[in-house]
Amino acid sequence: MIKYFIPLLFFVLLSFFLYRGLSLNPTFVPSPFIGQEVPIFSLPDLLSENPSSLISNESVVNQTYLINVWATWCVGCRVEHGFLNEISLSSGLPILGLNWRDERNEAINWLETLGNPYQFIAYDQLGEVAIDFGVYGAPETFLVNSDGIIIYKHISPLTPEIWQQEFIPRIIESCGSYPCASL
Amino acid sequence: MRFSLILVLIFSVNLWSQDLIQTEYERQLFEQIRCLVCQNQSLADSQAPLAIDLRREVRELIELGYSEEQIFDYLTQRYGDFVLYRPRFNTVNAILWLGPACMLFIAIFGFIRVTRTKT
Amino acid sequence: MISFFGNLALVISLALALVLSLFPIVGYFLNNEWKSLARPLTLLIFIAIAIAYILLTSAFLNDEFSILYVASNSNTQLPLIYKFTAVWGGHEGSMLLWVLFLSVWSVALAMISLRHDPVTVSLSLSVIGFVLLGIIGFIFFTSNPFDLSPRIITEGNDLNPLLQDPGMAIHPPMLYLGYVGLAIPFAFSVAILIQGKFQQQQLTWLRPWLSLCWAFLTIGITLGSWWAYYELGWGGWWFWDPVENASFMPWLIATALIHSATVTESRGSFKSWFILLSIIGFALSLLGTFLVRSGVLVSVHAFASDPSRGLFILVLIGLILGISLLLFALRARVFTSNQNLNLLSKESFLLANNLFLLVASLSILLGTIYPLILDGMGLGKISVGAPYFDLIFLYLMIPLMLLIGLGIHSDWIKSSSSKFRKLIKVAIIAVILPTLIIFILDLDFSIFTLVGYWSFLWILLSTLVWAGQLFFNDKSKVAFRQQLPMIIAHSGLAIFIFGVTCVNNYSQTIEEVVALNSSIEFNEREWFFGDLREVEGPNYLAIEAEVIMTDANGTINFNPQRRIYSNQSSAMTEASIDANLSRDLFVALGDPVNGSSEWGFRFQYRPFIRLIWLGALIMAIGGIISTIMNHRKLRLA
Chain A
1 MIKYFIPLLF
11 FVLLSFFLYR
21 GLSLNPTFVP
31 SPFIGQEVPI
41 FSLPDLLSEN
51 PSSLISNESV
61 VNQTYLINVW
71 ATWCVGCRVE
81 HGFLNEISLS
91 SGLPILGLNW
101 RDERNEAINW
111 LETLGNPYQF
121 IAYDQLGEVA
131 IDFGVYGAPE
141 TFLVNSDGII
151 IYKHISPLTP
161 EIWQQEFIPR
171 IIESCGSYPC
181 ASL
Chain B
1001 MRFSLILVLI
1011 FSVNLWSQDL
1021 IQTEYERQLF
1031 EQIRCLVCQN
1041 QSLADSQAPL
1051 AIDLRREVRE
1061 LIELGYSEEQ
1071 IFDYLTQRYG
1081 DFVLYRPRFN
1091 TVNAILWLGP
1101 ACMLFIAIFG
1111 FIRVTRTKT
Chain C
2001 MISFFGNLAL
2011 VISLALALVL
2021 SLFPIVGYFL
2031 NNEWKSLARP
2041 LTLLIFIAIA
2051 IAYILLTSAF
2061 LNDEFSILYV
2071 ASNSNTQLPL
2081 IYKFTAVWGG
2091 HEGSMLLWVL
2101 FLSVWSVALA
2111 MISLRHDPVT
2121 VSLSLSVIGF
2131 VLLGIIGFIF
2141 FTSNPFDLSP
2151 RIITEGNDLN
2161 PLLQDPGMAI
2171 HPPMLYLGYV
2181 GLAIPFAFSV
2191 AILIQGKFQQ
2201 QQLTWLRPWL
2211 SLCWAFLTIG
2221 ITLGSWWAYY
2231 ELGWGGWWFW
2241 DPVENASFMP
2251 WLIATALIHS
2261 ATVTESRGSF
2271 KSWFILLSII
2281 GFALSLLGTF
2291 LVRSGVLVSV
2301 HAFASDPSRG
2311 LFILVLIGLI
2321 LGISLLLFAL
2331 RARVFTSNQN
2341 LNLLSKESFL
2351 LANNLFLLVA
2361 SLSILLGTIY
2371 PLILDGMGLG
2381 KISVGAPYFD
2391 LIFLYLMIPL
2401 MLLIGLGIHS
2411 DWIKSSSSKF
2421 RKLIKVAIIA
2431 VILPTLIIFI
2441 LDLDFSIFTL
2451 VGYWSFLWIL
2461 LSTLVWAGQL
2471 FFNDKSKVAF
2481 RQQLPMIIAH
2491 SGLAIFIFGV
2501 TCVNNYSQTI
2511 EEVVALNSSI
2521 EFNEREWFFG
2531 DLREVEGPNY
2541 LAIEAEVIMT
2551 DANGTINFNP
2561 QRRIYSNQSS
2571 AMTEASIDAN
2581 LSRDLFVALG
2591 DPVNGSSEWG
2601 FRFQYRPFIR
2611 LIWLGALIMA
2621 IGGIISTIMN
2631 HRKLRLA
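Protein chains in written order, with the working numbering: chain A, 1 to 183; chain B, 1001 to 1119; chain C, 2001 to 2637.
Errors might be hidden in some of the hints.
Derived pair list, reagent style DSS-like, types lysine-lysine, alpha-carbon separation capped at 30 Å [stated by the list, open to error]: (1) A/K3 with C/K2197; (2) A/K3 with C/K2414; (3) C/K2197 with C/K2475.
What follows is a list of derived Cβ distance ranges for each label pair [to be verified]: (4) B/I1106 with C/L2043: 19 to 29 Å; (5) B/C1038 with C/N2523: 23 to 33 Å; (6) A/W73 with B/Y1025: 30 to 40 Å; (7) C/A2050 with B/E1069: 57 to 67 Å.
Footprint (simulated), chain A over chain C, 3 or more residues, beta carbon under 8 Å [what the hints assert, rightly or not]: (8) 2361 to 2374; (9) 2445 to 2453.
None of these hints come from the bench; they were simulated from the model.
Virtual Cβ for every residue (Gly too), placed ideally from N, Cα, C.
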């Protein structure tokens, strides 16, 4: 009778899901921000002595741009920094840096030594804005289109492969071309 | 080596004195939230920097009068449903929440059929 | 050298397992003497694997870092005892332990039960041979502990500090013994399906195996819970972590199996149900192995995960279970009986027990893999944690607790309702007494608190009343002695429930910053932070705090530590615990504030927490006594 086949069918179904599970990454947290507007924020400018000089989500408008979350204590940020320097010149995109829970002077020194790929740098000393962006592990890089919508987020150091596969196609969609002509 | 131990501990956490769990309500709330860095610990136990920040955020929200649901909404808006240990009840999770009850009914149904005395 | 011989031993055992999985089965169908190859092959396989295991152990003892696994899990400073336990500290070595234990069980089966039922046991050994083939193959090809290090390594990595602990020494072996022990009922059931014959007397020799592997699983899980409690520093005893669930699900099914075997042995009914449960039990064991090692789930236990290994195990599981379940689908109908089943019969109660345990087990499975299912379908990522499992499991267990008290008193075929009317008095006491005590002591409570204490007393009293009846109504005390294991096990369960209810409802926890040479008050006791000093261990450096607790009964010293092991970068916490049966006092050291004159502490009061593990151990003792008693009965018969 059919009922004796039920355990077998159940097991086949289970195996299917387990098989699918092998190609997934269980610790990866997908961002709920894809397709959403950039969260509203306003932070001090890292490079400015003037406390009323602020960087916000209004600092870059009507352009495709990147937001890169970084810190001097973050090993992966050090790894990707060289590549960031490159694309800041070659991609035609402004990069807004979000300095996460860092020490101001150390951050400034770091950039002076290693180069500054950022057009703007917001200083998030307490990490409150990072939480608003759903950041959980630096480095993280957001791609924002000219309407201010986050269209992609990448976690872990940027590499040429990732840039090629995930960012460039989306930049072309948003910008019309690569390098982007917005600057 | 001897000095470095104390140094590691001193610099690892700066805000400890304000970070302690003050009330049972806080503890129970934190226990329902996953730490995203040490993903096996709840917000009540994790000492990761992000956990400390999140605890501070949640405390501020409590002060502002946010309800438990509103706090969970705040967190899921930023991190998705993954951050909550208690899955929400919506269409996607319906099977999860109703599954055990369904299985129980099927089992009871089967049991009744078997215990019906046959002539 | 060790590597070469270790691999040789593995290859030999692999070849032997291939022969074992084929020849006795073929011998059965051709009805020739190949059947009798089962026992010698089983023994030879054991010798080969034991040699491999001993070689690996000697590599650890000799700091043989040319072997990559040794270098990854040990170092020269590691204390000797932990060099022994480090053998199973990582994925490859623990799989070798797994297969060693499976081999041990198979040898025991061959030596002890072959004479009682030669055909079935030979076939069972053949089935186990098939499993051995798969697992040894998995080890040899994808997880080989004898792989060589790519370059010269002079000092190893060290064993994970969390694992450098006596509890770690016994928890995995106990757990694995239980896990792989479920292979025996599984192999038995497949052998039965192959033969198409199942006599209820066969369960007489199988039952001691069931209760023994159940006892080991119980002990293994209990040790894991106890170890997590004092080692992880958070004071919790169960987290519904996927790997904990992976061990708990087989335990629930093993429990169901023991009860199901009683029915089938006594009444000859529910044979196909027993067979199905046996397959499910081992399936969950294998599944648990898969979940822990494939990187599919987030877990505090997860071994270095590797999807390619996961695929191998999945295919292996697919073959083993697919074939068995197909056999079941095709052959099980032979065993259906059309016996009437009265609602108030013992069979009925035991069947109900099985149903609740099975539904509970499947619900835990659902919760554990649901995130995986959703993620795989692209429906987002969720977490299913303690809030879900606590709720679902609790609601499923409440009716079962009620049934246990009734079922113990039931009779086979049909119970008289007067029996149950007597139990009404017991029920009334079970409900009134705790409620009264809670009101008199003016304690906080919720409905769950009450239900917990009611369940505890209901099961305990019902069991003791039954024990009393057996003891005093029977001159020869035969029935009493025969049911003694059951009485002990259910009493253990009641004690366990009591412990859980107390801990869940009356624990206290606070976190405070305490300045050196000052004290705080907690749990109506005074806690004085008197001293801070450095302590050197064999492979770690620690800061130790001295906390002196004073209360109405005197003083107790606590020495919580923060430790840094030689090649870790973060500090671990070693809690200081004062334990007795009525409560645990738990002090953990946090981080310093403002220099090192003030420190954060976590204090916990855990009432009757030891009863959780004591209750579980008593259950296991019941299982062991059952095994010994039933085995003696067999030998004398």
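*Do the alpha carbons of C/K2197 and C/K2475 lie within 30 Å of each other, as the hint requires?*
Violated, at roughly 39 Å.
*Take the C-beta atom of C/A2050 and the C-beta atom of B/E1069, compute their distance, and say whether it sits inside 57 to 67 Å.*
Cβ of C/A2050 to Cβ of B/E1069: about 58 Å, so the range 57 to 67 Å holds.
_Given the hint of 23 to 33 Å, is the C-beta distance from B/C1038 to C/N2523 inside that range or not?_
28 Å, holds
_Next pair to validate is A/K3 with C/K2197; report whether the Cα-Cα distance is within 30 Å._
Distance of about 20 Å is within 30 Å: holds.
*Pairwise beta carbon distance, B/I1106 to C/L2043, judged against the given window 19 to 29 Å*: Since the Cβ atoms of B/I1106 and C/L2043 sit about 45 Å apart, the hinted range of 19 to 29 Å is violated.
*Decide if the proposed pair is consistent with the structure: A/K3 and C/K2414, CA atoms, cutoff 30 Å inclusive.*
With a Cα-Cα distance of about 28 Å, the restraint between A/K3 and C/K2414 holds, given a limit of 30 Å.
_Verdict on chain A covering the segment 2445 to 2453 of chain C, where coverage means 3 or more residues with a C-beta closer than 8 Å_ = violated (count 0)
*Does the segment 2361 to 2374 of chain C contain three or more residues whose Cβ lies closer than 8 Å to a Cβ of chain A?*
holds (count 4)
*Is it true that A/W73 and B/Y1025 lie within 30 to 40 Å of each other by Cβ?*
33 Å, holds
Of the hints listed earlier, those the structure fails to meet are numbers 3, 4, 9, in rising order.
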